[in-house]
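S.K.: Start from chain R and add chain S according to the hints.
These protein sequence lines map, in sequence, to chains R and S.
All residue numbers for the first sequence refer to my numbering, where the first residue is 1 and numbers rise by one.
All residue numbers for the second sequence refer to my numbering, where the first residue is 65 and numbers rise by one.
Worth flagging that the hints you see were computed from the coordinates, not collected in a lab.
Some clues are possibly wrong.
Straight-line distance between alpha carbons at most 25 Å, and here's what the computed PhoX-like set of lysine-lysine pairs gives [claimed, not checked]:
id	chain 1	residue 1	chain 2	residue 2
1	S	Lys216	R	Lys5
2	S	Lys256	R	Lys5
3	S	Lys373	R	Lys22
4	R	Lys5	S	Lys135
5	S	Lys373	S	Lys341
6	R	Lys40	S	Lys287
7	S	Lys290	S	Lys256
Fair warning: this is a prediction, and the values are worked out from it, not measured in the lab.
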Amino acid sequence: MEIPKIIGAGLVVIGAGIGIGKIGGSAMDAIARQPEATGKIQTAMLIAAALIEGIGFAALFAVN
Amino acid sequence: MVFSKKPLQFIIAALVAFFPLISTANPTVDSTNVAVEATHEAASKSHETHGEAENLTEEQKADAERKAYIKHHLMDSHDFTLFTYGGEEHPTHVGFPLPVILWDGGLHVFSSSKFEHGEAVAESNGNYYKINHHDGLIYKTDAEGNFTEDEKGHVTNAKPIDFSITKNIFMILVVGLILFLLFAGLGKSYKKNGSIAKGAGRFFEPIILYIRDDIAIPNIGEKHYKKYMSFLLTIFFFIWFLNMFGLTPLGVNITGNLAITASLAVITYLITTFTAKKDYWGHIFWMPGVPVPMKFILAPIELLGTIIKPFSLMIRLYANMVAGHIVLMSLIALMYTFNSPIGSPLSFFLAFVLSLLEILVALLQAYIFTMLAALYFGAAVEEHHHDHAEGHEAHH
Chain R
1 MEIPKIIGAG
11 LVVIGAGIGI
21 GKIGGSAMDA
31 IARQPEATGK
41 IQTAMLIAAA
51 LIEGIGFAAL
61 FAVN
Chain S
65 MVFSKKPLQF
75 IIAALVAFFP
85 LISTANPTVD
95 STNVAVEATH
105 EAASKSHETH
115 GEAENLTEEQ
125 KADAERKAYI
135 KHHLMDSHDF
145 TLFTYGGEEH
155 PTHVGFPLPV
165 ILWDGGLHVF
175 SSSKFEHGEA
185 VAESNGNYYK
195 INHHDGLIYK
205 TDAEGNFTED
215 EKGHVTNAKP
225 IDFSITKNIF
235 MILVVGLILF
245 LLFAGLGKSY
255 KKNGSIAKGA
265 GRFFEPIILY
275 IRDDIAIPNI
285 GEKHYKKYMS
295 FLLTIFFFIW
305 FLNMFGLTPL
315 GVNITGNLAI
325 TASLAVITYL
335 ITTFTAKKDY
345 WGHIFWMPGV
355 PVPMKFILAP
365 IELLGTIIKP
375 FSLMIRLYAN
385 MVAGHIVLMS
395 LIALMYTFNS
405 PIGSPLSFFL
415 AFVLSLLEIL
425 VALLQAYIFT
435 MLAALYFGAA
445 VEEHHHDHAE
455 GHEAHH
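Only chain R is shown next, with the shape it has when bound in the complex:
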């Protein structure tokens, strides 16, 4: 694998990691504020995480 491909793949993973991390953090803040809404918040968090992961994977396949 050439260097640009490796750097590109690394950037994609960093981006996906930061995105999902921010979503997880906001979800935890929200659950801390309102524990009775945990179910809805968890659902929304998983949906957003899966969407970001989708972009991440698509980019990884495009790189390779």
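M.R.: Just chain S, lined up with the frame of chain R:
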């Protein structure tokens, strides 16, 4: 939950707990001699790079064998091999052959046992066919089974149109049968027992209600959700069961196949396009609420968006499944690489934990696919309620 005897509960809990472990029961030697071919490839590559003849080290051979093992687990196959044993020279395969159906001017139907796991040339009505080891496709060859290759190494033999029942298609049929029996039984039990579910299907009743109340109705709306319920339910359980089958030691990888996820995405796209109301197309080509120059810019972007959304559905499911399988298989192969009392149990433990994550991903991907499909359907049948508010304000 639904069982009342304590030992039975314990046995079922133990089975569920050890479910991820059984995915390690795959062989290291595959059934189509891909390992031998891969070592030949590795040898020729090393000849090119080093420019002199040298013997393959044990490490390179093992490396090529691992790559072939991983690749074979991900690819489709024309026979259903459960596992093989007996070494590389004379392996014994346990499994059953599947029918091969080719269209090559005439119809050729024969059992894949004629291919003898990719080694022999099959003869049918005067034509000879052989499976190519590198891509697993059937080509038309002469009586000895020679492949003609061009400069880049691509095979230039003629390819018949392949309608065979391969491993993936067979598994799709099996899962379809399971779904049909399970839910037909559940439906019948409602009639017999006065709208209370009985039988194995009653585990799925809360899931079905969840899909209706939390996926379909919020996204599609009370008026139109019933039209789409059958498709959403089918998609959810189909993808979920296929993903779970991919984690079993059967060695099938169905949703990790671009063709299958593509057909699911195409069906979603067709349903969205053909059940869409006028407002849907109005929003795409002439987006209300933005200045006119923006409308011209948005129109091609929105049109592209209708194609990209099902495309992302396809890629998301495919990539999640393939990536999960590759990582799992690599970890299991890592066990054999380390060959040490510390490294191997650690990688086994890591593979076990990852299998648990893969079970969650199986369910999550089915849920995401269903939810996004419901979202797209909801956008297609959305009622027009923009101008009424402005009209009321003008009156008052």
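S.K.: A separate judgement is required for each hint: does it hold in the structure or not?
M.R.: We went through each hint and held it up to the structure:
1. S:Lys216 - R:Lys5: Roughly 23 Å between the alpha carbons, so the hint for Lys216 of chain S and Lys5 of chain R holds.
2. S:Lys256 - R:Lys5: violated, 61 Å
3. S:Lys373 - R:Lys22: holds, 24 Å
4. R:Lys5 - S:Lys135: holds, 22 Å
5. S:Lys373 - S:Lys341: holds, 18 Å
6. R:Lys40 - S:Lys287: Cα-Cα ~24 Å, so holds.
7. S:Lys290 - S:Lys256: With a Cα-Cα distance of about 24 Å, the restraint between Lys290 of chain S and Lys256 of chain S holds, given a limit of 25 Å.
Checked against the numbered hints given earlier, this structure breaks only hint 2.
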